[in-house]
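Asks: Here's the letter readout for the chains.
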Amino acid sequence: MFLAALGVRAQDKTHFSLSTDRDLYTSGETILFKIYLPGADQSVVIKTDLLNAKGKIVEEVSKNIKNQEADGFLYLTDSLKTGTYLLCTSTGENREIAVKELFICNRFIGLSETASLLRATGQEAASEKSSDSIVVDGLNKTCKVREKLKVSIHLPSELFAQSKSNLLVSVAEVIPEYTTKPFLRKGRTGTSKFNEKEGLVVEGYATDLRNGAPFENGCIFLSVADSIPGLDYFITGKNGYFNFQLKDYFGKIPAVVQGYDLGKKLLLKLSINHPDSLNEAVPAFEFTGVPQELQSRAGEAMEATLLGKAFNFQPLSIGNSSINRKFNYPFYGVPTEVVYPGLFIDLPDFTEISRELLTSVKFRAYNRIPTLHMLNPVTQNNFNDQPLVTLDGVPVRDLNVIKNLGSKQISRIEISRKERFYGDLAFPGVVAIYTPKADNKLLPVSDDLIKLTLDAVQPDASLNVPRNQKMNEPDLRKVLLWNPAVKPEKIVRLDFETSDIQGHYKLVIKGKTGDGSILSKELYFDVK
Amino acid sequence: MTRKILYILSIAGLFLSVSLQAQDAQLKNKYEDKIRGARFIPYLNYPGAPFLNDKFLLGELEMLDGTTIKNIGLNYGCYRDELIYYNTDISTQIVVDKNSLKGFSFTDKRGIKRTFRRQSYNGSFKGDCFFEVLSDGDISLLSYRKVNLEASDTYDSKTGMSFQPAYTYFLYAADKGYIPLNMNRSSLLAKFNKQNQKLARKTLRKNGIIVSDEASFVQAWEVIYENGILPEFK
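Keeping their order, the protein sequence lines are chains A and B.
Here the working numbering is used: the first residue of the first sequence is 1, the next is one more, and so on.
Here the working numbering is used: the first residue of the second sequence is 529, the next is one more, and so on.
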């Protein structure tokens, strides 16, 4: 045991390394980040959160880890207040959190209401070796605006011969009065029982609505709206815990989690584990004065952002993520019949639609209790149980939700007359209704139905660099180069052009050596 | 005394690992393990064997994305070309959605692993079908295990109908397509050009292979193919 513990410690000598393109941003801009993971971390997904100074998560993204590294971006909305924020990155497997302090200036308010700055204190910067063995040729101390630069980077053998990791190379504006270094914090007491090895994890607990006790034998559904709707289910055990692992989803995805008692008698309440705060990541802060230079630079940055928005410059190109779906048909199988009510005369409600357009489906709403029956083609009698009814892929148990849907509210109805099985669940026929908006608004939120927007894995993106820009079009880039995946070679050549923004710039070269330590080089130059 | 302590510790460790495994099994929610299908509708009661096996055999499903589901009871329904699995939790026979599968395999009574692949065919029958892979390679020898319900002698069947096997065989190359063939020597040799036919005949003679049943037919093809003698895809 002792030897095993020693072995784990020996493996875990490397740490997270978190880099961002800049330290000061305005709302409406995008944070670009790159993370190197410790060698022992076997996670496949990494979470990066933007916290305010109180530890509340204001933005979050998940990224796939490839070769122990990940890079991504975070869009800063205009609802963010001017102030100090923390960019935190962590995996489900590692109790370490890499944190970087950033200053975000609301582009409509600026620093006018800010009398002092919050700065983290008492934090030891994450260990990164500054390497003199990285040699840079072709970069002068002073450059002109819109000057085309060709720079060569000579790498030491430990970065190109002994390492399999990609390099981060970035050139971005820097404000000497406000620079921050990443630091490490310990102690995320993970609530998750899974380490996101198989994708995004959605987990929570089902409790008895009457007494709050864990709900055993509850059937929990997770429905994901998509062109082919996704459905997964979980039968809860004694502790009422449930979890779902979402693979192959990208971007923000609307989802619905709902549950019911398999015995069909009791009501249950669902709660989703979602850390809306990361208090462990918040260091001690101290108040400092706002440097004059920072105030003036922040003002210029705000103007540049506003002007950039006016010219509709898109800083990033978001890549298309090819999704290799396991199934190319819905969970209820290939429908036996598809009906488009729009092709027929307008019908006012679902009773009329079932009467006129749907063969073998009988929907009636007598005495405010709607019922739905489907003919079993094998026995030529109705199925004993109610068929599965879905609305935009989400199972609907209360038929009152669909009873008022007329031809105008329905784009198509898919019907499966077979007795379908999905794992251990049996559906005696399926009626799948699709609405034109597919926004789940018709589904009422209740104790046993939660609507979510899940942050699935973020697609890859690359920095947009304007080519052959005319002189009368402003070039307001503050990030001149951001390449987080440069293949290490003996000599790495860079081509980039300065923008119209004058000021101090920093070239950063960062890489991971074979033994897992981080080597970096920073060079400063001015654009005048 | 030390031995006793070690014994107690090892027993305790065993119990601990079992309980951890049980907890893990309860927590695991594997989307991949949820098989999609429809209730199996029994075949009509006629003489003959509409299934490949007379009982469910433990086998493995290979899903479209390459994931596998192991140790489930499978039987191949030759009459409707469908794969039936027995869901022990709900005691139901379920026809697995064909379009969710890449293939399946099981070990038969003789202990031989039999592998089936879902492939599209556009000849005498059309659509996605399960083909048994008799010999795998760049050119594979496949069999379509079809059973038909046919009129038969009333001495054999009181109803005048019975299930009759109508197996068909193919040579298949992914880039060239299918060559249908009958299970005999002359049909196999006819799929080669004249020069290769001579070589194939010589190879069979040299190896003393007489095609009399399916096993020897497969053996004949394998010997010819191993010697680099290739058939002619038209």
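Rather than coming from a laboratory, the hints here were simulated on the basis of the structure.
Where is the CB? At the ideal position from N, CA and C, for every residue including glycine.
Errors might be hidden in some of the hints.
Examples of chain A residues toward chain B, derived with CB under 7 Å [what the hints assert, rightly or not]: (1) Val-135; (2) Phe-327; (3) Lys-418; (4) Tyr-422; (5) Asp-424; (6) Ala-438.
Asks: Which earlier hints can't be squared with this structure?
Replies: Numbers 1 and 6 - these are the hints that the structure violates, sorted from lowest upward.
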